[in-house]
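S.K.: Sequence:
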Amino acid sequence: MDIGPIHIIMFSTEYYYYTEYGWNQIPTQFEWLEQDLIRANQNRAERPWIIVMGHRPLYCLKMGDDSCNHQTMERKELRQGIHMHRRQNSPREYGLEDLFYKYGVDIQFYGHEHFYARLDPIYNYTVLNGKRSKNPYDHPEGPIHITTGSAGNYELHPSFNNDLKSWVSCHFLDYGYTRLLVENEYQIRLQQVSDDQHGEVLDEINIIKSTPRPNWMPKLKSFELYDTKLINSNDIN
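Counting from 1, position 185 in the sequence shown corresponds to residue 542 in our numbering; the numbering is continuous, with no gaps.
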């Protein structure tokens, strides 16, 4: 879906957890995601921002979720990939973190956990803040993960772990919603608005870049990164 300078991709994380309904949907979706990301990069001069939206976050923040590893606080099935057909000796396949990093996804929005949390720019547990100013989202060197699921839960306000990871930059339990404001083609303002506090803005960040691709992508005209017939050296400037 295209809205102004943003290309938005919505996908299912649940295929990785409800395999009793089949396995084919995992590689099918992964291949579709990759092809769409390739096309989005071909069109990046017109739409420089790529945003993905899924249900379960790649990084966890709350204990008690059976899809989380409570030691590493991650969902390996999503982040690193799944053992297809539960063959534990086979390599993990169809991991999403490498895919989204490779194709320069700027922002990842997730739900599932009923609160708001903003992570530092991160890839493979490494914080990759921008270095141009004190704002870590000024030319970030990695994708930005936002969990925004603070409405809709019947359990009322949940609780956080006592030992939140260092890469959790901000979190709130208030009911509310996330607002995305496009300032210009290279700047997005993100706000978390509290319904409990009658519209008060609890969190606000500015995400800045100066080229269509994010700062961590190769500065090359011929993208050997994209091993595909859909793209060639003339497609991206």
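No wet-lab data here; the hints were simulated from the structure.
Don't be surprised by glycine CBs; every beta carbon is placed ideally from N, CA and C.
There may be inaccurate statements among the hints.
DEER-style ranges, computed between Cβ atoms [unchecked claim]:
#1 Tyr543 / Met367: 18 to 28 angstroms
#2 Asn381 / Asn492: 42 to 52 angstroms
#3 Gly556 / Cys527: 14 to 24 angstroms
Simulated crosslink set (PhoX-like; lysine-lysine; CA at most 25 angstroms straight-line) [said to hold, decoys possible]:
#4 Lys459 / Lys488
#5 Lys488 / Lys522
#6 Lys522 / Lys491
#7 Lys433 / Lys522
#8 Lys459 / Lys433
S.K.: Please go over all the hints and tell whether each is borne out by the structure.
M.R.: Going down the list of hints, with the structure as the test:
1. Between Tyr543 and Met367 the beta carbon distance is about 24 angstroms. The supplied range of 18 to 28 angstroms therefore holds.
2. The hint said 42 to 52 angstroms for the Cβ distance between Asn381 and Asn492, and at roughly 43 angstroms that hint holds.
3. Distance hint check: the CB atoms of Gly556 and Cys527 are about 18 angstroms apart, consistent with the given range 14 to 24 angstroms.
4. Annotation: proposed proximity of Lys459 to Lys488 holds, straight-line Cα distance about 20 angstroms (limit 25 angstroms).
5. With a CA separation close to 21 angstroms, the supplied pair Lys488 and Lys522 stays within the 25 angstroms bound.
6. About 20 angstroms separates the Cα atoms of Lys522 and Lys491, which keeps this hinted pair within 25 angstroms; it holds.
7. Taken as a hint, the Lys433 and Lys522 pair is honoured in the structure, with Cα atoms around 17 angstroms apart against an allowance of 25 angstroms.
8. Our distance criterion of 25 angstroms between C-alpha atoms is met by Lys459 and Lys433, whose separation comes to about 18 angstroms.
The structure fails none of the hints (numbered hints given earlier).
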